[in-house]
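Chain order of the listed sequences is C and E. When the letters of the first sequence are read in order and numbered with numbering that gives the first Met the number 0, they come out as residues 0 to 876. When the letters of the second sequence are read in order and numbered with numbering that gives the first Met the number 0, they come out as residues 0 to 109.
If you're looking for bench data, these hints aren't it; they were derived computationally from the structure. The structure presented is a predicted model; accordingly, all values stated were derived computationally and were not measured. Any given hint could be a false lead.
To be verified - Listed below are the simulated SDA-like cross-link pairs for lysine to any residue, each with C-alpha atoms no more than 20 Å apart in a straight line:
| no. | chain 1 | residue 1 | chain 2 | residue 2 |
| --- | --- | --- | --- | --- |
| 1 | E | K39 | C | Q41 |
| 2 | C | K63 | E | Q36 |
| 3 | C | K673 | C | A734 |
| 4 | E | K39 | C | P261 |
| 5 | C | K21 | E | K76 |
| 6 | C | K16 | E | D82 |
| 7 | C | K174 | C | A755 |
| 8 | E | K67 | C | E32 |
| 9 | C | K40 | E | E65 |
| 10 | C | K835 | C | A755 |
| 11 | E | K76 | C | S20 |
| 12 | C | K245 | C | P261 |
| 13 | C | K38 | E | S72 |
| 14 | C | K21 | E | K67 |
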Amino acid sequence: MSLLRSIAGGLRSLFRKEHVSKELEEELNGFLEMAAEEKRKQGMSRQDARRAVRLERGNVEVAKGIVQVAGWESFIETCWQDLRFALRTLLKSPSFTAIAVLTLALGIGANTAVFTVVNAVLLRPMPFPESDRLFLVSLAPRGGPFEWQPGISDRDYLSFRDQDQAFEKVASFTKGTTANLTGAGDPLQIPVAYVTTEFFPTLRTNPETGRGFLAGEDEPGRDDVVVLGNEIWKEQFGSDAGILGKTIRLDGADRTVIGVMPPGFAFPGVKAWLPLAVRVDEHNSFTRPVVGRLKPGISPQQAEAALEAFTEHRPHGPGESKSERMPQIIPLKDLFVANIRPSLLVFTGAVSLVLLIACVNVANLFLVRAAGRREEMAVRSALGADRWRLVRQLLTESIVLSSAGGVAGLFMAFWGVPALLALAPPGRVPRTELIRIDHWVLGFNFGISTITGVLFGLAPAFGVLRRDAHDLLSQAGRSVTGGQERLRGALAISEIALALMLLSGAGLMLKSFLRLRSVNPGFVAQNVMTATMDLPDSAYRTAGQMHAFHTRTLAELSHLPGAAVVGAVNLLPLGEALTMGDFQVEGGLRPPGFLVDKPCVSPDYFRAMGIRLLRGREFTERDNKTGPGVVIVSQSVAQTLWPDEDPVGKRISMEDHPKPGDWLTVVGVVDDLKQQALAKSSDPAIYQPYLQVSYPFFLSHMTFVVRTTMPSESVASGMRAILRDVDKDQPISIASMDNLLATTIAEPQFEARLLAAFALIALTLTIVGVYGVLSYSVAQRTQEIGLRMALGAQRVDVLQMLLRKALVVTSAGIVIGEAGSLAFARALANFLFEVKPSDPVTFAAVALLLASSALAACYIPARRATGVDPMVALRYE
Amino acid sequence: MADKPSDLVQGTLDMLILKTLALEPMHGYGIAVRLEQMSKGVFRLNAGSLFVAFQRLQRAGLIRSEWKATENSRRAKYYVLTDQGRKRLNSETREWGRQVAAIARILEAS
């Protein structure tokens with residue numbers, strides 16, 4: 000109550016200032032007159048009475064001042080005064096203000112932009128009710144290419160689901176699967192998820208219209224149903240209100256639409272959901288992600304302990320030990336963000352360094368300006384402003400500046416974030432739909448603006464605090480103040496140190512990227528066009544049908560003008576898929592754990608891709624169903640299995656228990672190539688001719704590769720036409736091998752470029768900052784320099800003296816910066832390819848670059864100083 | 000002797016003003032005179048500290064004010080004790096009594 004009244008009273012004084020002040024004045028006048036009247040009654044003259052009262056009780060103006068200052072509103076009022084004064088002073092020196100605001104806008108803008116992404120991608124919760132209770136349950140195999148993919152094999156999932164006590168519900172789903180949508184415009188490949196019927200209830204999200212999957216709807220015969228995402232319902236079906244009950248064609252099969260999800264629901268990044276039945280298959284076991292909602296009161300740690308206990312007792316597959324699986328309970332969000340978190344954190348670190356440098360720069364500018372304003376401060380202090388009031392004034396100015404920088408930075412982020420995302424490799428940044436400038440971003444922007452303002456405002460403020468009014472006045476005329484000089488030197492040193500950290504980080508990333516780019520993939524990517532198709536098993540039921548399709552397509556493509564060699568492979572190198580499998584060696588033992596990639600290829604594939612044949616022969620048209628079984632092995636397979644023998648003529652089998660007809664003869668050896676990624680080691684591979692492969696699973700996904708005699712892009716339309724002609728219902732994706740190769744290193748390229756951009760900003764700011772400090776210190780020493788020269792010092796001596804100082808500052812910065820750089824580089828270790836975090840060459844090069852830039856920045860003011868006419872210098876001031 | 004409120008025990012001036020107003024509504028000068036009379040000239044208050052106290056009490060809701068004519072038909076702001084102010088005066092008086100007694104006991108004991 001009384002707080003409210005106090006606020007009301009204060010507001011009244013603020014907004015009806017005239018009125019309140021008049022009233023107080025009238026009351027005070029009355030008070031003093033009454034006192035004077037009393038005195039007159041005692042026999043004083045009117046004038047004496049007035050004087051006596053003024054002595055005893057004080058005068059109206061003073062009393063008024065005391066009363067007015069006592070309320071809280073006077074604080075606001077002085078703030079308002081400070082603010083107006085700050086604006087006036089800042090506008091009086093527009094170039095200073097512009098440079099400071101621009102510097103801060105760069106720093107704050109970069110931070111706001113990165114935070115906007117971090118906020119959406121890492122910090123915002125998943126858009127489900129009580130999403131903090133949702134976790135991934137994972138028993139991923141330890142080591143190997145699938146380690147980082149959280150998931151559970153079907154076999155384990157079924158027994159886990161039956162035993163589990165920690166979760167309310169669990170559901171399994173597929174990630175990264177697609178389906179061909181036909182019959183609604185052009186054939187379209189859309190991302191879909193096959194999900195168990197508990198999927199929607201686990202996420203506690205129901206379709207907006209219609210229903211989710213019922214128990215038992217995963218059974219064959221009942222599973223021809225689909226739930227559509229809102230987006231595709233709008234785009235492909237024109238928001239058809241009567242969509243429920245209609246059928247759509249997915250992968251050539253009819254499916255009845257039973258529901259449409261609410262807008263914004265796309266988990267796990269798909270446009271439609273299909274029922275999934277989890278069954279145990281004797282030969283193959285799929286591994287899929289599993290999501291569970293924890294029961295109330297159960298912590299993730301408890302759930303993980305339970306999962307560990309389950310892992311101890313779970314039935315093992317053949318030849319499997321329990322230590323091969325990692326029991327993990329992972330926040331659901333990590334399914335998307337675990338891969339990108341490290342690089343976002345590195346960017347966050349980098350932009351905070353940029354902001355720190357910007358802060359140091361502006362603090363320096365402020366110090367220089369404060370020196371010029373010493374006289375003003377002295378006068379104001381002498382007129383009665385206390386020191387805190389002066390400090391407050393300076394802080395107000397710096398906060399006004401940083402707020403202006405913050406607003407400009409917000410605009411930078413507004414334009415910069417889309418640019419940032421456009422530069423990022425497509426599909427790399429998850430949850431982009433959440434990226435926007437929301438109240439969190441605004442709060443962050445406001446927060447760092449204020450903190451920044453206080454940080455760089457403090458430096459000159461301390462200068463004021465240290466001296467009292469007398470000092471201020473007596474020093475006003477002179478310009479040499481050792482303390483400030485030292486402070487500025489320290490700022491320049493820290494600036495160089497910070498810049499060195501960023502530059503070394505960027506240098507390491509660039510070097511690593513160049514190393515990566517020069518890796519030999521094992522094939523020749525230039526002038527190769529690829530076209531990938533997925534054949535749905537509804538339209539192509541048997542291997543024979545698929546063979547017919549591939550053979551016909553290969554024949555048609557070979558007639559294409561510009562096509563030199565045409566080949567096909569089921570899993571393209573550096574693509575997204577990989578098969579790893581075991582095999583048997585005739586008369587020998589396969590080394591334990593030696594798994595190989597098993598591509599199916601057409602006869603001309605090796606020539607089309609430019610993969611070198613090292614021994615024996617390539618596949619031919621005669622290596623078909625009726626011919627004897629043959630394989631070609633990669634060099635590492637040959638060396639591992641038959642180190643000192645000729646591999647050609649040896650026999651292996653893909654069957655676990657080979658019958659006499661299952662043995663395949665090695666007819667050739669080819670170069671190893673990078674199947675997974677340039678940064679990974681080459682994968683041993685055993686190639687089979689596609690016509691001798693009879694599992695449809697290995698044939699349905701096929702990439703045709705065409706080595707062209709002309710620029711490869713011009714062949715693309717011809718390829719598309721041919722594939723359309725062979726089967727018009729299947730979506731095709733066409734890309735040049737060069738582009739695919741570039742895509743696989745787009746991410747490190749993006750990281751290196753972004754870090755280099757930040758480092759460049761840092762370097763520029765630092766050079767400007769160092770230049771500012773040095774040229775100011777030279778200007779301050781003009782008199783001294785003049786004196787030295789008048790006494791006989793040569794230009795070279797003066798130049799040396801000044802550059803020595805610069806050298807001291809630079810080397811101190813570099814020495815301190817090296818320590819920080821090592822720490823920053825260690826954080827980068829996981830991003831580096833064949834470059835050590837402590838790479839001496841990079842560090843030396845970066846230090847040299849920084850030192851020479853800093854010295855160049857100092858040379859200009861130093862040169863100017865030596866041109867000083869001693870007479871002019873001595874009369875300076 | 001004490002002409003600044005800071006020389007008074009903290010908060011004492013507020014209590015004394017409330018006490019003065021407990022009898023009848025009064026204007027500023029009247030309050031000052033009454034305080035001086037009652038204290039036999041010990042307290043002599045200047046306008047600044049007195050009016051800051053008025054503002055404080057008013058914002059705390061312990062007193063309110065209205066413009067009225069004085070007996071000499073001059074316009075003056077009269078301060079009136081509110082119910083809340085009366086309650087506060089009672090509690091403060093009790094508290095003061097306890098403190099004085101306690102201090103007295105300590106001083107006598109030595």
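Original post:
Tell me, which hint numbers fail for this structure?
Top reply: Structure breaks hints 2, 4, 6, 7 and 9.
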